[in-house]
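With chain A held as given, fit chain B onto it using these hints.
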Amino acid sequence: MQKRAIQSVLAVLLVAGMATSGALAQQSGGNAEAARGKTSMCIGCHGIPGYRTAYPEVYQVPKIAGQQPAYIVNALKAYQSGQRSHPSMRGIAAGLTEQDMADLAAYYGGGGQQ
Amino acid sequence: MRRVLIVTAAAVLGFTAQAVSARGNAEAGKGKATVCAACHGADGAKPIAPEQPILSGQYPDYLAKALNDYKSGKRNNPIMKGFAGQLSSQDIEDLAAWFSSQPAMLSTVHR
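Just so you know, the protein sequences line up as chains A and B, in that order.
Residue 1 is where the first sequence starts when you use my numbering, and the numbers rise one by one after that.
Residue 1 is where the second sequence starts when you use my numbering, and the numbers rise one by one after that.
Chain A extracted, bound-state conformation (with noise of 0.2 Å):
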């Protein structure tokens, strides 16, 4: 009896511990698939080669389809937080989740590169 109740424990806490797991590593490396409905406010500017943003300075925007996820999550930290100050970008990374910037981050990270 009593082993069987250990052997529940264990059961328990082993999926626990799956469950937890997994969910981390889909935080950190972020879903390419959950990304697709979230792309509609990026490829305006980021999916038109040669777009040039005309507000506040011109120039090209830059290209994100094979950047490095993380220095993509970074980016949108950093015009969330105000630290990278661009008016449009600051706007869209406002309205964006850790999970988005994850998934998106994702998503241009495994693009451009085939």
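Just so you know, these hints were derived from the structure itself, not from any lab.
Note that the coordinates shown come from a computational prediction; the quantities given were computed from them, not determined experimentally.
Just so you know, even glycine gets a beta-carbon here, dropped at the ideal spot from N, CA and C.
Incorrect hints may appear among the rest.
Across the chosen pairs, the derived CB separations fall in these ranges [what the hints assert, rightly or not]:
1. B:PRO103 <-> A:GLN99: 27 to 37 Å
2. B:GLN90 <-> A:SER85: 23 to 33 Å
3. B:PRO78 <-> A:GLU98: 18 to 28 Å
Pairs of lysine to aspartate or glutamate, DMTMM-like flavour, derived with a Cα cap of 20 Å [to be verified]:
4. A:LYS38 <-> A:ASP100
5. B:LYS74 <-> A:ASP100
6. B:LYS71 <-> A:GLU57
7. A:LYS77 <-> B:ASP69
8. A:LYS77 <-> B:GLU51
Below, chain B alone, put in the same frame as chain A:
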């Protein structure tokens, strides 16, 4: 008529000068890029850490803007400020020309 010609010539010359300075000199940039390679990898294609960006094939005016912003402190990164702070405007244009001319690891692709 003469005035029109002068204005046109001035406009063409001005445009040409701007295009050249905006482009920078990739060969000159190559010689200045050895410091960058330590972190961003040879040709800017293989950074040593995940949070460092790939530079090869990026647009030159974006690269120049990033370096100018690091130099001015508008973009706040202690490591990049140390490097960018040493660069002249010509250095920045040359580096931007060099990295943008390398085989593109980056794209505007949306799958």
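Cross-check of the supplied hints:
1. B:PRO103 <-> A:GLN99: 27 to 37 Å: 33 Å, holds
2. B:GLN90 <-> A:SER85: 23 to 33 Å: 26 Å, holds
3. B:PRO78 <-> A:GLU98: 18 to 28 Å: 24 Å, holds
4. A:LYS38 <-> A:ASP100: 7 Å, holds
5. B:LYS74 <-> A:ASP100: 26 Å, violated
6. B:LYS71 <-> A:GLU57: 16 Å, holds
7. A:LYS77 <-> B:ASP69: It holds: about 17 Å lies between the C-alpha atoms, which stays within 20 Å.
8. A:LYS77 <-> B:GLU51: With a Cα-Cα distance of about 12 Å, the restraint between A:LYS77 and B:GLU51 holds, given a limit of 20 Å.
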